[in-house]
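For the record, the sequence lines run as chains A and B. Residue numbers for the first sequence follow the numbering used here, beginning at 1 and rising by one. Residue numbers for the second sequence follow the numbering used here, beginning at 233 and rising by one.
You may find that some hints are simply not true.
[Unchecked claim] Ranges of calculated distance between the beta carbons of each label pair, as one might list FRET restraints:
hint, chain 1, residue 1, chain 2, residue 2, range
1, A, Pro-89, B, Phe-522, 56 to 64 Å
2, B, Gly-329, A, Gly-198, 57 to 65 Å
3, A, Val-52, B, Val-512, 33 to 41 Å
4, B, Pro-339, A, Gln-57, 55 to 63 Å
5, B, Lys-409, A, Pro-72, 30 to 38 Å
6, A, Lys-54, B, Leu-614, 40 to 48 Å
Since the hints were made in silico from the structure, they are not lab data. Just so you know, even glycine gets a beta-carbon here, dropped at the ideal spot from N, CA and C.
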Amino acid sequence: MRKAVIAFAALALGAGAAGWLGHPAPATAQGGGTLEVEVKYNGAPVIEKLKVNKDTQKCGTEAVVEKVAVGPTKGLKNAVVSVPTAKGPARAAKAVLDQQGCKFVPHVVAMMPGEIDIKNSDDILHNIHTYSTANPPINKAQPKFKKVMTEKFEKPEVIKVTCDVHSWMLGWIVVVPTPFFGVTGDEGVVKLDNVPAGKHTVEVWHEVLGKQTREVEVKPGQVTRVSLELKK
Amino acid sequence: MGARRAAWAALGAAGVLLLAPGPAGAQRGDPAAGKAVYELRCAGCHGIKGDGKGPAAELLDPRPRDFTTGVYKIRTTAAKIPSDEDLFRVITEGMPGTSMPGWKMLPERDRWNLVAYIKTFAPDKFREPPPRQALPPEVAPSPESIKRGREMFEAIECNKCHGNQGRGDGPSRPELKDDWGHPIRPANLTKRWTFRGGARREDVAMRIAVGVLGTPMPAFLEAVEKPEDIWHLTNYVLSLGPESPRFVTLLTAAAVTEPIPDDPAAPFWAKLPPQNVPLVGQVIVEPRNFNPAIDMVTVRAAWNEREVAFHLTWDDPTESRGGDGTHPDAIALQFPPRVDPSGERPYFLMGLGSEPVYLLRWEQGRGVVEATATGPTQVTVLAGSEAAGRAVWADGQYRLVVKRARVAREAGRTPFEPGLFLPVALQAWDGGAGETGAKMSLTSWYYLRLGEPQSNRRLVIPPVVALLTLAAMLLIVRAANRRG
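Here chain A stands alone, though its shape is the one from the complex (with noise of 0.2 Å):
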């Protein structure tokens, strides 16, 4: 009698959960606009190339650190913009962080509290090791047969990623509290669609350049462009 009520409760959750995932949530269907957020940077780029010297089938004899990357048009790379007073559903896709030619790929991975499938396709052992105070940090070995491991940070925080093996090696895993997030590419821009209309928080970081915020008003079925400049 009681599995069936847990089986029912268990249904009734799952398909709870589809008519949630299907039907995006109403204030952005409704009056949804985009907002375009263009990160520049007018100062030199700042790249740490360091000998590597070990494991050099797999990593190569030179180790990139790309601590400050600037575009060809001043854009701003690797900058996570998200709009934190944008509520809405989560996002489908899980985030995923890779590890390859011993470096962490993408080197900067923002996601929604919840998991991240952590992917080692290197073939030698790094390690998995966070530097969070509001998640809990871990510190687990990642050897070259275990190719995907899932973890979980709930929380929203700027965590740093290290692999103690290759101490070159450096990510960061920036958890933020809404699906309206982005990080920038080449261009230093990100697009996100759908944000529910009205005044709203735009929040960029940068890994060195540190935090910026802005004030921006969404209007339903508009483009607002931002553009906001990160100094040191």
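Place chain B on chain A using the hints.
Showing chain B alone in chain A's frame:
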């Protein structure tokens, strides 16, 4: 019923066994009473605020724990915080290989109060008692298990930090830092008496399973092929070195008749008993060496009519020839230049003023020389040195043979006479760790005895004496019988 089953399934999937906190739960100690004990006994290193920045912290390596983060190295839990029992055990037994002593001398109640108090430095981390981490079913040590452990050791690349033979000399060693950014060394797996969390089988298995938080040592429970590999790895790690160093108090050189080989790898040396001597940092003159790199030298010694020879083994993660901020690795055997029948010895720290010491000194790239010294930096190499030696370095370990003619060719060079107790001391420098001059590790005076040659007489004479005695007795009995 179903809910419980579901809960068990979820726990099983996580590989975690939740146990209700035992009687030794969170409420056992009194933080207010613990504060008084803490401020008297612990604050000197750990700081009054518990931030690991006490007045002594600067001199310590590893540094004292910063309690404000709630990150602890030694835990047996399936959470990121240690259990009360974990904290109690570290307070009671200390952390081998660090400056943290055991506090057994404090009453048990004080130690539980300390547990309660240090948790108050990170109150938001210690909200709930953590669940205990269950380990896979234990696998007893056996040659097969040790073999499988070695395979796993290679597959999961323990060698990256701990080195091929476990001596803490892996390629990632120079880059390792703890969560506070301080350099940290991987454990030397051949010296289990320095394991921070204890050397019992379950201690080692637990460290491999859950890692050492706040350090580069990750958790391997989910990173081995099969859960029982944790035990195979444990059995392998424990096979790498002895249970205890069994330090000696007297060094003996074995008397031999055959020629003594120069090669440190010759089977001749393996037949001689290893004699372990502990070394400590030199902290008497500047620059003091509070955190010496070399903590033990294994001595094997032999002599024949012609020469005396010492075979020294010590761990050093790098073969350092100097340059680039480093110095050449070096080691020295120290003797008084002449044997004083009254037992007087020169000052143990490489002599003083008018009382020099005699040294057999090896240095990477220079070989062995005879020298005299009147202080750590007052070393004079003797001309016409008769000493010779050969060193090999492999997998984080030096092996060195030092030889000299047994009879001194002139006064001032120590003669080696059998049967005497000859004072001897050792000094060692890990040049790769920046040790040179007075910055060294060393011993006080020990004694070396050249053992007497073992002849067959001890096997022949006693039976002959016994037979003669028996014959004499029989004669007496017979004579007495005749008289009767």
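Hints, one by one, checked against the model:
With their beta carbons about 58 Å apart, Pro-89 (chain A) and Phe-522 (chain B) fall inside the hinted range of 56 to 64 Å. The supplied range of 57 to 65 Å is met by Gly-329 (chain B) and Gly-198 (chain A), whose beta-carbon atoms lie about 60 Å from each other. Between Val-52 (chain A) and Val-512 (chain B) the beta carbon distance is about 37 Å. The supplied range of 33 to 41 Å therefore holds. The beta-carbon spacing between Pro-339 (chain B) and Gln-57 (chain A), approximately 58 Å, falls within the hinted interval of 55 to 63 Å.
A C-beta distance of roughly 36 Å is found between Lys-409 (chain B) and Pro-72 (chain A), which places it inside the suggested range of 30 to 38 Å. Under the hint 40 to 48 Å, the C-beta atoms of Lys-54 (chain A) and Leu-614 (chain B), about 43 Å apart, fit the expected range.
When the structure is compared with the earlier hints, no violation turns up for any of them.
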